[in-house]
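Student: Each chain is listed here by its residues.
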Amino acid sequence: MRGWRVAWIVVLLLGACDDARPAEEVRLDGVLEGAGAAGRFRFEMEPDPGSPKLGEIFRVVTTLRDGATSAPVEGAEVEVDATMPHHGHGMMTVPEHRELGGGRYESRGMKLHMHGRWVLSATARTGTRSDSIAIAFEQPPR
Amino acid sequence: MTGTWQMGAALIGLCVLGCPAEELGGPWSARERELILSLSPVPPPPPSRGNPVADDPEAAVLGHRLFFDPRLSSTGRHACASCHDPTRAFADDKAVAEGKGRAHRNAPSILGAPHLTFLGWDGSSDSLWSQALLPLEDPREMGLARTDIARRVVHDHGPTYARVFGAAPDLDDLHRFPPLASPHAGHDAEAWARMREEDRATVDEVFANVGRALEAYQRRLDPPETAFDRFVGALRQGDETGGGHLPPAARRGLRIFLGPGQCVQCHHGPLLTDGEFHNLGLPPMRVPDPAALGRTAGLATLLEQPFRCGGSRHPGGECAHLRYLDPKFEDFVGAFKTPSLRHVAQTGPYMHAGHFSSLAEVLAFYRTRPGSASLGHRALLLEQIPRTLPVAPLVAFLESLSAPLDDPWAAPP
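Taken in order, these protein sequences are the chains called A and B. According to this note's numbering, the stretch in the first sequence is residues 1188 to 1329, in order. According to this note's numbering, the stretch in the second sequence is residues 15 to 427, in order.
Incorrect hints may have been included.
[Stated by the list, open to error] Covered by chain B, per the in silico footprint, the following chain A stretches (three or more residues, Cβ under 8 Å): (1) 1217-1227; (2) 1271-1282; (3) 1300-1309; (4) 1315-1326.
Derived from the structure by calculation, the hints contain no laboratory data. Just so it is clear, the structure is predicted and the values come from calculations on it, not from any experiment. Yeah, the Cβ is synthetic: ideal placement off N, Cα and C, and Gly gets one too.
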């Protein structure tokens, strides 16, 4: 069910990013996951702390999996970002990214400074493959 | 059916954007309720960054005395309380602060300041104690040299200082501690540079302790409970009327604040500020403003501060609030900090340089948005504010965010 929801959001974002209006409200209070736009990778993005507060620095740990086999993908470059397309801006911070091992990647220095609709995005590159994902979510006023 | 729905939606849209506020009635939606509950009460301030005496009662007593002490100014007439007047919610009634000279910035209320990560309109300080040091040396404000400040505090407040920070250093040797020495522009920077490093460090420690005591005092100043807080408290208990604590006009204003007015996008949380920086595209002031770059300039200043987190006089700590900050963030150009709206009816003139004298003028600006930003670009969010924004209900709501200060810490010692 959740996978269907994420896929639907991604389709909306890719087709008409500014007009995306998910029927269900998605919140960044656990793993946001889905297949990349090209289907090469699968992304599982988990915030830490699990439910980031407005204005507080947090990190995202992304587990990158092969789109066909679901096996963890090591040795990739993974970058995570967050933007508010309706406001025309992103974060006021520049996250730092590093590989943790076992297909896990860390992005430190994330910060959501406004409540409302955000888009969490990730890109992944290996020597031969690249893929990306964008998931809209609602940041509550807390 | 589809046509009926579309017509209804269009009518609702027209109403939200253009109807008189009286028509924005009805029960609070789930979204509105969540937003309202997030605005109150004000929690205790978070732990201080780099101030071990922040919650020491004796340090607060010292800070209380320093806050009201005009001897901490070169004129002998200006105390912190001159611009942060307790009878005006710790702000003043001037467009910009006036001390020894005329500053470039409006004096904001200090109520709620212990909650903020970045202090000052441009965020040039990252702790309340380090921010408190800036007006003391600023030639336009209190205008004292650093060695003078340290010597006056040791001389005038020695016993209390010693109880908080240990024995005060002997600063009587005028060769080692020249009277007007300070690294700050406008003072004798050459004399400061000639001092031995250990003597500079001695003075800096007393100077920093002045800021720490002032922070300890300001942390005692709790924003008082307002009519809005009582309204939220009743709503939280299940009373949809909010206990009658807000008049109808203020409730309509609250609904506009949360909805079409877009105010809550930046004025959120219990202090009604995001603590961040935005470019409103305000009209230029008649006087030159060399710091109009706002957050861009403030961040550059902050990173040079020895008393900032990770600075030469404040080592240690991860300083995550600075480590990941993007100094080239485009929207920082011409951006100034979102002020808290608590007590806002008592703290005019408004904006970083006192652009507007009344709340009605502020709201008229948001509604009409004349001109464009002279530096950078106006935040896109402002374009979503309807040009039919009803002003009177919003003013009524904003007035519900004030309450008389009945706090012994607000009186002179």
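Student: Hints first: check each against the structure and report whether it holds.
Tutor: Results of checking the hints against the structure:
1. Residues of the segment 1217-1227 of chain A lying with their CB closer than 8 Å to a CB of chain B number 0, which falls below the three-residue condition for coverage.
2. With a threshold of 8 Å between beta carbons, the proposed coverage of the segment 1271-1282 of chain A by chain B holds, since 8 of its residues qualify and at least three are required.
3. Three residues within the 8 Å Cβ limit are the bar, and the segment 1300-1309 of chain A against chain B gives 4, so the coverage statement holds.
4. Three residues within the 8 Å Cβ limit are the bar, and the segment 1315-1326 of chain A against chain B gives 0, so the coverage statement is violated.
Checked against the numbered hints given earlier, this structure breaks hints 1 and 4; the rest are met.
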